[in-house]
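> For reference, the chains in residue letters:
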Amino acid sequence: MTDLLEGPLRRTGDGYEVPLRFEWYRSLPLSSVSLTLAVDGEPVPPERIRFHVNDSDYALDELPALHAEHWFVLDAARLRVATAEPIAAGEHEIAVDLALRIPYLFDEETGAVLTVWSKPRARKEIA
Amino acid sequence: MSGGPTIGVSVYSFTRDYRSGRYTFEELIRKCGECGLGPAIEIVGFQSVRGYPAVTDSFALRFRRLLDEAGLEPSALGGNIDVGRRPDRLMTHEETVETLAAQIAAAEKLGFRVLRVQFGASPDALEEALPLAERADVRLGVEVHAPHHVHHLTMLALRERFERLGSPYLGFVPDFGATLNAIPRGFLRHWRAQPGVQAELVDLTVAAWERVHRGESDAFVERRGALDAALAMGAQSSVRQVWGALTLYGHQRPADWSEIMAQVVHVHAKFYEIDDDGNEPSMSYDELMRVFLEGGYAGVLSTEWEGSAFASGADAFEIVRRQQELMRRHLLAGTPPVRGGPDASSASPGGT
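Residue numbers (numbering that gives the first Met the number 0), protein chains in the order written: chain A, 0 to 126; chain B, 0 to 351.
Only chain A is shown next, with the shape it has when bound in the complex (with noise of 0.2 Å):
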């Protein structure tokens, strides 16, 4: 099973960002996405998140509009958190909910599209 927070916590001009891959066999639209991140227990709030892929970053309500545009399988996204005060050096407790639209499964009588969660935990150290 791919560890979906692999990598280092790391610092950014105005905070620090995790890294975050998501668990299916192929890529998704950045439309598929909604996420919410917890650090020590405290909810960032989601206008603090900036998703960054393929060289660019995204508030995250701009992912539902974002059907053309593809996470790929194989790439860490990087979830940017903005600060006010640098986050302390040590160790930090990381948790992702992530949730996924799969759009080719969907129920042809009802429309409804499957939503699939994955929720991430782990433990990490930043400088």
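One or more hints might be untrue.
[As the list claims (entries may be wrong)] Negatives, chain B to chain A, calculated, CB over 10 Å:
no.: 1; residue: S19
no.: 2; residue: D67
no.: 3; residue: N79
[As the list claims (entries may be wrong)] Calculated pairs, DMTMM-like style, for lysine to aspartate or glutamate (alpha carbon to alpha carbon, straight line, at most 25 Å):
no.: 4; chain 1: B; residue 1: K30; chain 2: B; residue 2: E68
no.: 5; chain 1: B; residue 1: K30; chain 2: A; residue 2: D74
no.: 6; chain 1: A; residue 1: K118; chain 2: B; residue 2: E127
no.: 7; chain 1: B; residue 1: K108; chain 2: A; residue 2: D96
no.: 8; chain 1: B; residue 1: K108; chain 2: B; residue 2: E127
Rather than coming from a laboratory, the hints here were simulated on the basis of the structure. Using N, Cα and C, we set each Cβ at its ideal position, and we do this for glycine too.
Guided by the hints, dock chain B onto chain A, whose structure is given.
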């Protein structure tokens, strides 16, 4: 054996090793050649090609050269019909035709003569895309994948339309996962071992599967019910297993494939496990191979191992080799007699 089916493999079988970074796409193709798992090679566009359905010239060139060097041939490109890609609405007819057009072009560019499409492609969309497929010399094969089966209304509508249009460029891709005898044992073992799993949810899912298998209820109704139950129990993380159990493991009789045999353009020889006797315990390859050999099928049997999600220890190349050995036994023997009589396929539903 001349004129009989050709054996090959879908690179999908190696998803775990590919996602983990153990092998690159190029290395997987080379290894398929080295291990003699071809000659026919199938790939999933959205898995193997960055930027799909667009295919760059350099990727296409590299791919064709790679197959040549490995002594392999392209069989089918696995396309997806992402009907639900927009959160606000499903794809329109025009958008479905557009995605078909883009993926037909991708298949042509990569050298594939078959494009696997999915049930989301309507008869109208396929009819409209047909001239493009004919021009590109790419046959469109709608996958008959569980819980669909050859008698499902969606499939009947396609069969009727294909019959009327009578083009060799429209057909089906039977997936052996539609014709199971049991939920694969490893799947249930793995699910039950997940941290925090609710045994009650596993049990109710298995019970739903068994009701469908005995013909007492509808697969789609049961799936809706079990997915609702999972959410009501707060078991979001188990949705993929509930969905999997009631989607991947179908109940059609193998003999029913003969009804669409004349329109089969490619076959997904799906499997999950191979036991010590070299058989697949959750389905009857004896019956499946008999049906396809007696039906005169002369296309590709593309091995598709879907056990990697739960058979964590198994070596993908080794298990694919063993499944191909199983198929080859039947090809060499010609058309074997059915073992166990007509009820063999419905014995012992449920697994352990």
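> Does each hint hold? Answer for all of them.
Quick rundown of the hints versus the structure:
Here S19 of chain B does not stay apart from chain A, with its beta-carbon only about 6 Å from theirs, under the 10 Å limit. Remark: the non-interface label on D67 of chain B is consistent with the geometry, its nearest Cβ contact in chain A lying 25 Å away (cut-off 10 Å). Listed as a non-interface residue, N79 of chain B fails to keep its Cβ farther than 10 Å from every Cβ of chain A; the least gap is roughly 5 Å. The suggested pairing of K30 of chain B with E68 of chain B holds, with an alpha-carbon distance near 12 Å, which does not exceed 25 Å.
For a cut-off of 25 Å, the pair hint linking K30 of chain B to D74 of chain A stands: about 23 Å separates their Cα positions. A C-alpha spacing of about 42 Å is found between K118 of chain A and E127 of chain B, which places the hinted pair above 25 Å, so the restraint is violated. Taken as a hint, the K108 of chain B and D96 of chain A pair is broken in the structure, with Cα atoms around 39 Å apart against an allowance of 25 Å. Straight-line distance between C-alpha atoms of K108 of chain B and E127 of chain B comes to about 21 Å, which keeps the hinted pair within the 25 Å bound.
The structure shown violates the earlier hints numbered 1, 3, 6, 7.
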